[in-house]
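Q: Since the structure of chain A is provided, determine the placement of chains B, C and D with the ligands on it from the hints.
First to last, the protein sequences are chains A, B, C and D. Taking my numbering, the leading residue of the first sequence gets 24, the next gets one more, and so forth. Taking my numbering, the leading residue of the second sequence gets 24, the next gets one more, and so forth. Taking my numbering, the leading residue of the third sequence gets 92, the next gets one more, and so forth. Taking my numbering, the leading residue of the fourth sequence gets 92, the next gets one more, and so forth.
Hint data in this document are derived by calculation from the structure and do not stem from the laboratory. Keep in mind that the hints are not guaranteed to be accurate.
Unchecked claim - Computed list of lysine-lysine pairs in DSS-like fashion (alpha-carbon distance at most 25 angstroms, straight line):
| # | chain 1 | residue 1 | chain 2 | residue 2 |
| --- | --- | --- | --- | --- |
| 1 | D | K349 | C | K349 |
| 2 | D | K136 | B | K285 |
| 3 | A | K285 | C | K136 |
Read off the chains here:
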Amino acid sequence: MSRAEDGRVHLTREHALELLRRMMLIRSFEEKCAELYTQEKIRGFLHLYIGEEANAVGVMQALEPEDAIVATYREHGHALARGISASAVMAEMYGKASGSSRGRGGSMHIYDAGHRFYGGNAIVGGGLPLAVGLALADKMQGLTRVTCCFFGEGAAAEGEFHESMNLAALWKLPVLFVCENNGYAMGTALSRSESNPDIAAHAAVFGMPADVVDGMNVVDVEAAARRAAKAVRAGEGPRFIESKTYRFRAHSMFDAELYRDKSEVEEWKKRGPVIRFTKWLLDTGTAHESDIEAIEREVETIVGDAVTFAEAAPWEPVDDLTRDVMSPAKGAVR
Amino acid sequence: MSRAEDGRVHLTREHALELLRRMMLIRSFEEKCAELYTQEKIRGFLHLYIGEEANAVGVMQALEPEDAIVATYREHGHALARGISASAVMAEMYGKASGSSRGRGGSMHIYDAGHRFYGGNAIVGGGLPLAVGLALADKMQGLTRVTCCFFGEGAAAEGEFHESMNLAALWKLPVLFVCENNGYAMGTALSRSESNPDIAAHAAVFGMPADVVDGMNVVDVEAAARRAAKAVRAGEGPRFIESKTYRFRAHSMFDAELYRDKSEVEEWKKRGPVIRFTKWLLDTGTAHESDIEAIEREVETIVGDAVTFAEAAPWEPVDDLTRDVMSPAKGAVR
Amino acid sequence: MTAMRTITYREAVREALREAMARDERVFLMGEDVGRYGGAYACSKGLIEEFGEERVRDTPLSEAGFTGAGIGAALGGMRPIVEIMTVNFSLLALDQIVNTAATLRHMSGGQMSVPLVIRMATGAGRQLAAQHSHSLECWFAHVPGLRVVSPATVADARGMLWTALEDPDPVVIFEHAALYNDEGEVSAEGDLARDLDRAAVRRSGEDVSIITYSGSLKKALTAADTLSAEGIDSEVIDLRSIRPLDNETILTSVAKTKRAVIVDEGWRTGGLSAEIAARISELRFYDLDAPVERVCSVEVPIPYPRHLETAATPQPDGIMTAVHRTLRR
Amino acid sequence: MTAMRTITYREAVREALREAMARDERVFLMGEDVGRYGGAYACSKGLIEEFGEERVRDTPLSEAGFTGAGIGAALGGMRPIVEIMTVNFSLLALDQIVNTAATLRHMSGGQMSVPLVIRMATGAGRQLAAQHSHSLECWFAHVPGLRVVSPATVADARGMLWTALEDPDPVVIFEHAALYNDEGEVSAEGDLARDLDRAAVRRSGEDVSIITYSGSLKKALTAADTLSAEGIDSEVIDLRSIRPLDNETILTSVAKTKRAVIVDEGWRTGGLSAEIAARISELRFYDLDAPVERVCSVEVPIPYPRHLETAATPQPDGIMTAVHRTLRR
Ligand SMILES: Cc1ncc(C[n+]2csc(CCOP(=O)(O)OP(=O)(O)O)c2C)c(N)n1
Ligand SMILES: Cc1ncc(C[n+]2csc(CCOP(=O)(O)OP(=O)(O)O)c2C)c(N)n1
Ligand SMILES: [Mg+2]
Ligand SMILES: [Mg+2]
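So that you can see chain A by itself, here it is in the shape it has in the complex (with noise of 0.2 angstroms):
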């Protein structure tokens, strides 16, 4: 990744070409999970983001190796993109000791210190407050760090929701808030539970500059991320984005899909955002098919390998069931 401070997407070649891998690693690696729910290798619910790459790889772009992350159940795009390994991620879906939270958390509760990546929270709307606090902390010791917190706009309901923007608007917090707007809170469409489905006002109201972009197109999210991410660093306050977008599976993996028709999957999936980002690159010349397929081969194996890992990592002894419930280093933390 380039420094992210110009708050401009330079879209050479190479860029491209890295934001299309790293769409289709994720795309990869979550039709893999799909089918190792299958197996049963994962349990639980598992939360695909398929479809919605274009967000976690768009905005991760504007992020330096020092901001921090807040995200959601629906969170191995925004792990991926951020640059945690496959094979942490997958062991995690494994629920093995090698797992990105040593099996704790499975595939909602993803974690990674060293990338400060701050989950994984099952609870719809539970990150926003956290996120608040991490740039709260960022602010009062006079760093210039961002925090971007992802969510859906399902979370925009709720109480947290709201409570955090007006935290972060009133303290004028480094946070960039990055609503996925995918229509859909499980099986409850936007206008069935906003009174004003205007997820932006929402944050607008708080005299938070907001956008709207389009979620499904990777530059464009890119962009509306460098933009946001440029004025918060500089200690404008926080930024809002709401980014249009789709899931084109099911809400998990125990989902019926009883609440929308077919044929609006299909529409979406038809302004995919790597099938779209494809067909740009080859249209206008900047990838050939050699090298859509080079990626391709790439992403399987790095999938592959994360499988391999996995696969072979080991579980956690149940002698350690009580560890890390609290440290065992009580009173020495730095």
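A: Same frame as chain A, but now just chains B, C and D with the ligands:
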């Protein structure tokens, strides 16, 4: 009270004097309460409404007996304006068995089922979802009733506020929200607690028509409430009124008022709802000094009688302590 | 003789909901995804088609808001059933439940009645990890003004809602998420009222009283079967109601067996098991032949992997060990 | 010999806050009205003038929001002290406390540490009625991942914050609202670290162990004094830490006295008293000469009038009666 249906104020001499009488009753009642507090007849928290009387009195004009009211811990004014007897309220302040809540609640928890007065709520923002539910019940039962919910501007920061706005607007429920914006939540000035201190905007963003009114002017308040209640009653969904007002006294009897200047209080007192309306009545010749004096005597008698009643009222026997925790008539509710 | 039929726990809940709405037009169901989606655990599948979206009311993600709206609607003459997907999410609504629903009758000197039913899923066993697997029934059982029940059987799941809806006070119903697929018998018609307040003796025995509820009942019965092969005769009590607790059934059993093992999926410290153990120890002090045993969840946020989740929660093995301890075997 | 001086519980809390902020610039105080107003119970009066509004941070009325922000700030390297005015309002923040603060370390496989201190007032005695008077310490004591303390004395109020801030895990401090005006001695300088995990024997005795904490300690000591005049020699234990509980001190005492009375302002059913009674009954089964007694709040939302509030909460009389019962007098 005249039928409120036409949504306009008819300021006859009779009506004007009635407005003044009600405001003066609240004022006199609460001044007595402050005195009784120093005598330790009233204990716990006592939140006085002095300075804000125009709000309860003005809004209640727009409500019918079948309408419901939800208020806060600063609700003596609402209770009296609703027509609950001063004696029942005073006995409640004493904690006597003849109090409006059998003495169980005290100052913060006045209830009266007969007047559809649903408290009295000492959780800031806690009454808002309740009001939404009362209105939902009316709508589902096809009843043309209004639920009027009072709360302070401090409550607007709570998640429950935003959730309630959304539910009421989404389901087009017959609620009249009245935010009594007195500028402070305990010692916190609005500008220090809301990034956007325009409270009406926080309702309007949900698509709810929101009015701002001079809460020191009882006629303005009545007019706004009549307009809003008419729309609500007509099935147009919820309405919101932000009433700019001021409390002349400390937040509660424990408050040292470190957070505001005496001069600010004095400025507002000049615009006091009683003083100003009285002056207007005299200036326009609508009333004479003798009318005012008659009202003064009248309310003094009511308050005096209330104190006598409360003093004489019995204490709840200790044996009744666990009464009314659960219904004695399990399974027997209508 | 009443004809019997076999249905799942999920179907029992659904039938109970359907019956309640058909019987009383004041009854409606409200919660996240109860309508179009059919319920997070599919309990209300098909009901929106039958009763319409007014009465099978999808809500926004606003646990405090819609639970509070349920309280208000109950005050306003309706009989709402509020569904909270999982007990972990109910933490967002506790203010409304504890500060308002549970206190209103008393604070108002008896004027206000809140005939609200709140249903929620609870418990572990589905590998949903630390934010979806807890058992906080004991918190609700601590609160005066609430009634709390937890059907462990298909028949109780079918019957308890009826009684809950008759109650003029707020009733919280916990449905253990691991039970929804269980099958069991219910009568083909009628006779569905269940006494919410009484525990049920699911197995009579002489040697030890195993006291449990909800998702742990099956485990207790499994343990009892194995123990029986060893010649240990366990009495298994299903509490059904966890507030109030049915002292009489518990104490009568312990007076007979002189030994008690409590099985509770809640964490041990300060859980419901503590209350039951304390009561037995206080009120059967002179009868007990051994200390009351508690088999509870290990004090850890429930972890995701199957083997750790299993190790963290009560299992038949642990129950048997505890029974052996009370019998000094 | 260390010089001693007398201050109030409120002043002790304030001194502890001041010292913490002076010592460590990562420490800050955040909550409703902690700044300009000086704190609902005046604990932070003067601190905003001394440390500025960044570090004595008034928040909007957003319990979930600012508690969650405290968690985030702790993750981000600060040492926040979040004040929630009253335990009843903490219900609005329980999602953040239980689902996030308490689980993060475990869910993240040990990567995340939440060195957050949450202070809140608790308890009855000030006629604040059913939405301001409860004692829900037991709820917090039930949750793995939290540490919970409740200073009953001025010296502990002065010292415990220091230890809490040293802790890498979330610590909840309960301050009983009826204690703020109490006076007590603290050392003039130094020696303030308090072991959060150990109970304190406040009075040694041979005949009965009275186990209590927080606002009930004084009442227990009063009862013990009166009992002593009757020739009954009570040992009074102040738990100080309610999660974890100090089994050793409790059990050692009961092994000696063979009788225990627990005094807990929480409601009886499922309260902290149940856990302590259960532990003693389990672990001192063969030592106990009488059933463990519990003196708790009556199961009613706390009513406003003085006489009913007094009747609803533990009082010395009731403690004495319970002691008499354990001694069969
Ligand atoms: C507080 C809370 N309530 C309910 C749920 C159950 N739930 C999980 S995901 C979800 C939908 C969230 O929708 P949205 O925020 O739009 O995110 P998306 O799943 O579409 O990415 C719901 C209701 C939860 N996890 N947490
Ligand atoms: C949930 C909750 N948090 C905090 C409090 C303490 N408190 C009582 S009144 C109050 C201020 C409320 O201000 P506002 O809503 O503006 O109403 P006002 O008192 O000005 O009428 C606070 C913080 C409370 N009662 N409930
Ligand atoms: Mg969504
Ligand atoms: Mg105010």
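Q: Hint compliance check: list the failing hint numbers for this structure, sorted ascending.
A: none
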